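Visitor: Make a model of the complete structure from these sequences and hints.
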Amino acid sequence: MSPWDIIYNFFPYIGGLISGALSSVLPGWAVYVIMALIGIIGILGFAITGNLAMVWAERRIIGRMQVRLGPNRVGPFGLLQPIADAIKVLTKEDIVPRKADKLLHFLGPTAFLIPAVLAWAVVPFADGTILTDLNIGILYMLAVSSLSLIGLFLAGWGSNNKYSLLGSMRTIAQVVSYEIPMVLSILGVVAIVGSLSMVDIVKAQNIPFIVLQPLGFIVYLIAATAELNRSPFDTLEAESEIVAGYFTEYSGMKFAIFYIAEYFNLLLVASIVTTLFLGGWRGPFLPPYIWFVIKIFLLFFFFMWLRGTLPRFRIDQLMALAWKFLLPLALLNIFLTGLGILAWQALGF
Amino acid sequence: MSDPVLVVVFYLISAITVVAALGVVLTRNIVYAAVFLVGTFAGVAGIFVLLNADFLAAVQLLVYAGAIAILIIFAIMMTRDTRKGSRSNEQRWPAFIMAVLMLAVLLGGISQTIWPVSVLAPLETTTEKLGKLLLNEYILPFEVVSVLLVAAMIGAIVISRED
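If you read the sequences in order, they're chains A and B.
Convert by adding 772 to the 1-based position in the first sequence; the result is the number in our numbering.
Convert by adding 30 to the 1-based position in the second sequence; the result is the number in our numbering.
For the record, the hints were derived by calculation from the structure and aren't laboratory data.
Just so it is clear, the structure is predicted and the values come from calculations on it, not from any experiment.
Some hints here could point you the wrong way.
[Stated by the list, open to error] If you only want the chain A side, here are some residues facing chain B, beta carbon under 10 angstroms, derived:
no.	residue
1	L879
2	A915
3	A945
4	S967
Ideal Cβ placement from N, Cα and C applies to all residues, glycine included.
Guide: What follows is the structure in structure tokens.
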């Protein structure tokens, strides 16, 4: 193997070395468990590092977009700011309201974080660099991330605060509505590929699907932004109306867990868009995982750009957009994709 | 189901499912009942995974845990006084009799049925086969269900319209 091959297939190569070394001493199942643990730790490491980088980038870049400086005091260019934030949040007092439902209030952040972590199992960083290539990959991703709503509900209900409850009700209405166009917009891609596996979807993209599925891409991007509850769809924490929505009554590390889970979800949506529409890890010259990360961070910049420039929707405008605009567009996309596939087959390809 | 690991996992998931289901029925606070219901749905999804029905498992999570449970929760959020719990009323005894009858019918059905066990190896991918069966062999029931759902949807809209 040439050095370039090793760099190109870095993670499968390292994994092969470790499992080869382990299997000479340990039985097969132990090697399997250890390799899975290494994979999980690696992915969590990536997600947490990405999280810190995004917190820093978001504060700095949005600062620039709004003609401010952003945090620039802690370390060079303010690079140590996320670490300072993390230490601050860990040492803050954890306040639970006296009339809160203690159990639900405690479960809320956990139930929100778990789906955000679980979904990472099927993110394809490169060919062979994926925790498990399920043949229902994208469906698994959607199913698991639909569970995060329960965490938001528990948080809003358990706090026993009218603003928290209003925030959760808005979120549930919003996310349930946007889930429908989001799932339907993916169907076009699935129909073209003929598989739900994330790896198969990337391998089928000799041209990125954003070219073949522009409508699906736009619908997915808008619906996913709404699912993330990010600006311009952040009605659940509209501070001018309902204080901070479902996390009004949270402080310290519990608040931080919501924050972390939101960034995990953001990274996740960026990687789904990359996988489904932007050709995943594929690209010229650079190693595949580098391409994947570049595409994720370009999308992240796009989400920041939206947040820095667009005003917030009103809740009724938001629902109207989902049901009267995105849903018909997603259905139209499925119809056009079906026609396209039939025409393609009739032409004899 | 001969692999000991699978057997242990099966009993673990079944225990979680049954305990959560008991929680739904026995707890007085309906918010807790709804949360237990999510646990039951997730447990059933786990059993589907053990049966190599991966597509069904994902749909179980997406539709039942992710959508139906959420709609129930949404309805609960609109109700008042959930903290006092659901108190019994004059429907108590009729409900009890119906529940006992239902239990008798189910137990009878389960014990009388001969459960055939396929000796074939499980399918590697189920999604494609399910899709083809639904749109070829079982197209009529599929369409009937679709029409029923559309009718229910239109009905709901008509009922909730204010004018």
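Visitor: Indicate, hint by hint, whether the structure satisfies it.
Guide: Here is how each hint holds up against the structure:
Using the Cβ-Cβ criterion of 10 angstroms, the hint placing A/L879 at the interface with chain B is satisfied: the shortest such distance is roughly 8 angstroms. A distance limit of 10 angstroms between C-beta atoms decides the matter here; for A/A915 the minimum to chain B is near 4 angstroms, and the interface restraint holds. With its C-beta approaching chain B no nearer than about 7 angstroms, A/A945 sits inside the 10 angstroms limit, and its interface hint holds. Satisfaction of the interface hint for A/S967 is found here, the shortest Cβ-Cβ separation to chain B being roughly 8 angstroms, below the 10 angstroms cut-off.
In this structure, every one of the numbered hints holds.
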